[in-house]
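Q: If you read the protein sequences in the order shown, they are chains A and B.
Residues 8 to 257, numbered by our numbering, are exactly what the first sequence covers, in order.
Residues 38 to 419, numbered by our numbering, are exactly what the second sequence covers, in order.
Source of the hints: derived by calculation from the structure; they are not laboratory data.
Just so you know, even glycine gets a beta-carbon here, dropped at the ideal spot from N, CA and C.
Have a look at the derived ranges for each label pair, beta carbon to beta carbon:
#: 1; chain 1: B; residue 1: K128; chain 2: A; residue 2: S136; range: 43 to 49 Å
#: 2; chain 1: B; residue 1: S328; chain 2: A; residue 2: S182; range: 27 to 33 Å
#: 3; chain 1: A; residue 1: E198; chain 2: B; residue 2: V405; range: 50 to 56 Å
#: 4; chain 1: A; residue 1: I17; chain 2: B; residue 2: S239; range: 34 to 40 Å
Pairs of lysine-lysine, DSS-like flavour, derived with a Cα cap of 30 Å:
#: 5; chain 1: B; residue 1: K124; chain 2: A; residue 2: K127
#: 6; chain 1: B; residue 1: K245; chain 2: A; residue 2: K87
#: 7; chain 1: A; residue 1: K121; chain 2: B; residue 2: K416
#: 8; chain 1: A; residue 1: K149; chain 2: B; residue 2: K181
#: 9; chain 1: B; residue 1: K315; chain 2: A; residue 2: K35
#: 10; chain 1: B; residue 1: K176; chain 2: A; residue 2: K149
#: 11; chain 1: B; residue 1: K124; chain 2: A; residue 2: K149
#: 12; chain 1: A; residue 1: K173; chain 2: B; residue 2: K315
#: 13; chain 1: B; residue 1: K171; chain 2: A; residue 2: K127
#: 14; chain 1: A; residue 1: K124; chain 2: B; residue 2: K174
#: 15; chain 1: B; residue 1: K245; chain 2: A; residue 2: K121
#: 16; chain 1: A; residue 1: K127; chain 2: B; residue 2: K416
A short, non-exhaustive set of chain B residues, derived as facing chain A with CB atoms under 10 Å:
#: 17; residue: G316
#: 18; residue: E319
#: 19; residue: F322
#: 20; residue: A323
#: 21; residue: I326
#: 22; residue: R342
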Amino acid sequence: MKKKVSKKKISVEAKGITKSFGDFQALKGITANIYEGEVVVVLGPSGSGKSTFIRTINGLEEHNSGEITVNGIPLNDDVKNRDVIRGQVGMVFQQFNLFPHLSVLRNITLAPQKVKKLSKSESEELAMSLLERVGIPEQAEKYPAQLSGGQQQRVAIARALAMQPKIMLFDEPTSALDPEMIKEVLDVMIELAQSGMTMICVTHEMGFAREVADRFLFFDEGLIVEEGTPDHFFNNPQEERTKLFLSQIL
Amino acid sequence: MILLNWIRENFFGTKLDVAMTITGVLFIYFVLSTVISFILNSDWTLIMVNRQLMLTGLMPQEEIWRIWTIFSLTSILMTISISFWFKINIKGSIFYILLLLIPFLIFTTKNTVLYVLLIMFISIVFFYLGHRSKNSKLKNIVSKIIMISWIILLPICFLILNILDGPKMTLWGGFMINLILAAIAIFAGFPLGILLALGRASSYKLIKLVSTVYIEVIRGAPLVAWLLLAWFVLPKFLPNLFGLSDINIVVRAMIVLSLFASAYIAEVIRGGLQSIPKGQEEASFALGINSISTTIFIVLPQAIRIVIPTVVSTFIAIFKDTSLVFILAITDLLRIGRLIPEQQQAFFGKSIESLAVVALLFWVVSLVLSQISRTIEKKLNI
Ligand SMILES: Nc1ncnc2c1ncn2[C@@H]1O[C@H](COP(=O)(O)OP(=O)(O)OP(=O)(O)O)[C@@H](O)[C@H]1O
Ligand SMILES: [Mg+2]
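For reference, chain A alone in the conformation it holds in the complex:
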């Protein structure tokens, strides 16, 4: 069941983004538009700049030049803009990054309370409904260390969703998981994609990508080398580097 992507409304607009760490240039001019409701999978070899790219979108890495606009708001030196964008963009990390000193429930309610000023009962109601959605309402009172990796990552997704974001960023969300737990996280992500969420996912899970991706971006050495539909990539890749990469992971 594929939903329709309106090719009109742009969620994330990136124009010629560059980013250097010291002498090393990790992004060498990335230009891409992500449309509302679209699921974009970012592929590429290690060190090609995938993480750096999605981290510039919510300002975790400051880009050196180029323009990023999220839901019409320019990401620039204005801290207010950056904070508004962060409220609209959820992020899920490879290492979960749950807050170990807070219970699962508190992990999820903290941001709605501090940022959106929701009351305790409102935010807890929201948190419980999200835990329901990711399938672990019974874990609400536990602490992150008491959960399995798959459960922790599902809490992390619920935590990000609690801010009711318009866009979700995923940076290799299943890479730190034991194989038997990957599916439970992917199922949540598939459900999210089908609900119409705009998603940018760095992932090597090709089954997932084939099922929900609208478009692939292939990164190499800080540039987008090739982009297109999953069909295009699986059947008819053009660039040598893309072919080599796909042959290694498929």
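Got chain A; can you put chain B with the ligands on it based on the hints?
A: Just chain B with the ligands now, kept in the frame of chain A:
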């Protein structure tokens, strides 16, 4: 048989083990016999005569009720906190009780035994109340009340010492002054230390510079030097600034100790801050939480948990350092312990007896502090 085997394996396994066991046993025998024969053969009237002096210094008799009030409030608060926040285990409790019994046995007199029993009784009642409210609906309220009580305890103690025309601060002394100074240094030094640690980790260059210079300057000289500075130099160079030249010696000692403590605590907490993975901050930022809230709710609580054992060692060190205030002519416990055998004819030359009691008091408090830290560690699963 099992016991015998265990002994053989652990104490007589190899030739080295045998040698160590024999040396160890001889050593323990030597130490114990010396200590016991010392205790039995010494004349402890020195303590009996001077116990009030040792505990409260030159505080006049008619003012002692203030000390009793503070003592009762603190005991009650401590017992209710322990019963409310911690799981009680029998072994630990017996240890605490035995430990605290030592000073009580030494320092309780016929006149005070009633007070002590009364305080014990009230404490036990509160212990029970704390235990009961742990699982009741009032849990959250009680927890808040206890927390607030701890915060206002120190100001209240000061109030009690000063209301109704209290004794001059210069009359404060004995073990009480060590405890008061340590409490002030810890309560003032801890928040200040947190601010300094955050300052040193800050990305604002000026704040970072000021915090770094402060910490390094304070740690660059021994406490004795700072106390001497407060004694001689402050009045000369800061004639009217904040009235520093007029304020009495005890307050000066409090200021110096607090500032000194804050620098050391700051470094400990900075270590904790550095050990929190970058991902914690990033996750919080990614949720749209600003950097101040991120520090307060995410980074700092984790950092402090990690450094609790080290912070408590710093507290213990500061507590023992309070004995250096004799430099400011404050009659703290150690000073009294040295003056008794010098000035009281009946006890000329009885330094060892006198200092042994001084050491015992410091030891008991330090041990209780480190036990509390271990309990907290266990509770937090560090
Ligand atoms: N904070 C940093 N400081 C210095 N170099 C960095 C930093 N972050 C990333 N880099 C470098 O930038 C390049 C791109 O990194 P990035 O993490 O974006 O790669 P990636 O495509 O996500 O790779 P992977 O698949 O291994 O996660 C790498 O060469 C990396 O070493
Ligand atoms: Mg990466």
